[in-house]
Amino acid sequence: MSKNREPKKYMNPYLGGVLLGLVLIVAFWVSGRGLGASGAVKSVVVAGVETVAPKHAQNAVYYKQHSEDSLKSWLVFEMLGVLVGGFLSGAIAGRLKFSVEKGPHISGKIRLIAATVGGIFFGLGSQLGRGCTSGSALTGMAVLSLGGFVTMAAIFGTAFALAYFARKLWL
Amino acid sequence: MGPLVANEIISPDTNLFLAFLIGIGFGFVLESNGFSSSRRLAGMFYGYDTTVLKVFFTAAITGMLGLLFMSLFGWIDLSLIYINPTYLWSAIGGGVIMGVGFILGGYCPGTSFCAASIGKLDALAFIGGIFLGVLLFTEAYPLWENFFNAKYLGSPLLSSVLGLSRGVMTLLIILVALGMFWVGEWAEKRFARDDYKLNQK
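Chains H and P supply the protein sequences, listed in that same order.
No gaps in the numbering here: position 131 of the first sequence is 131 in the numbering used here, and each next residue is one more.
So the number in the numbering used here is just where the residue sits in the second sequence, counting from 1, plus 1000.
Keep in mind the hints are simulated off the structure, nothing from the lab.
Backbone N, C-alpha and C define an ideal beta-carbon position, used for all residues, glycine too.
Keep in mind that a hint or two might mislead.
[Said to hold, decoys possible] Label pairs and their calculated CB-CB ranges: (1) P:Glu1145 with H:Ile113: 22 to 32 Å; (2) H:Phe165 with P:Ala1140: 44 to 54 Å; (3) H:Ile113 with P:Trp1075: 40 to 50 Å; (4) H:Ile92 with P:Arg1193: 26 to 36 Å; (5) H:Glu68 with P:Asp1194: 46 to 56 Å; (6) H:Val61 with P:Phe1069: 26 to 36 Å; (7) P:Asn1007 with H:Lys109: 44 to 54 Å.
Make a model of the complete structure from these sequences and hints.
In structure tokens, the structure reads:
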């Protein structure tokens, strides 16, 4: 290993949680809604299909119901901000680096396949559950929404239940 | 006074600009806490790193308390805050599918964008997967349309379902969270690994 400068330490998680909560409160106060992520992908997918295959979009049920969705949506702008904010934090802390992060006992190729498959599941599930960890679970819990707690329990409960079977990926 | 956009204090376009700034804050805090690391996020499920639990629940509690106090001071009208509706079966079904995605992929959508922003290629693969998954949902929508819309309960609050006031509900959740933080701190010692360090203050 070369003697690169060590990346800065991560923030204290409880302090980080308070700061994340404050960002959430600002979102409520400014926009009357919480944070989200998967909704931005949905907007891009709907807009993309409408552009690439307009005939198909006119006939398929989902796109007809969501034709008012556009790229000029709150979540799209918020997620563009996430890319900038993450990059800034990484730059300040010295963590900008192209890499494939993986458990110690799998190859990079396996990791990339597992990540892609995981993304497919998460993308599908987020649409079925009307929001992901940010929009449904975190924001939902902050506003005490029943659905938020249910989705949070289902996500984390399932991941815990399957952790044993996926251990080779991570341990 | 708040929410600003609902009370027409700011315009819809200003709202979008502020969404961008809010996103910067969101991404910055996620990255500063290591949510750009799949091993850290997955550590939650093996106990060697429970940062996810600590940050996630501290944030939810801070959000709950913030809303309570701001409404008490008359700074925000809670009736104008969006409450996500509950469709019970799809909330559970979607959550289960997301849980599978989490343990395989090591990210959720927000954290994958954050990780991709600092160069994690596995996060980029995950994002590619999300797009495919969303496309699968929208294309095959008739297959799950009924399931998606089943068992609609409106937008109930956990507090009203349990017959508690907002304040008492929040207090209970804080107590539960404190218990979980204790378990998390214990787990990080019990399941610590030689090949992984927490690297945090």
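Here is how each hint holds up against the structure:
Taking the beta carbon of each, Glu1145 (chain P) and Ile113 (chain H) are about 30 Å apart, inside 22 to 32 Å as hinted. At roughly 26 Å, the beta carbons of Phe165 (chain H) and Ala1140 (chain P) sit outside the given window of 44 to 54 Å. Here the CB-CB span from Ile113 (chain H) to Trp1075 (chain P) is close to 49 Å, well matched to the stated 40 to 50 Å. Range check, Ile92 (chain H) to Arg1193 (chain P): Cβ separation about 28 Å, and the 26 to 36 Å hint holds.
Remark: the range hint 46 to 56 Å for Glu68 (chain H) to Asp1194 (chain P) is upheld by a beta-carbon distance near 54 Å. Restraint check, Val61 (chain H) to Phe1069 (chain P): a C-beta distance of roughly 44 Å breaks the suggested window 26 to 36 Å. Checked against the given bound of 44 to 54 Å, the beta carbons of Asn1007 (chain P) and Lys109 (chain H), roughly 53 Å apart, stay inside it.
Checked against the numbered hints above, the structure violates hints 2, 6; every other hint is satisfied.
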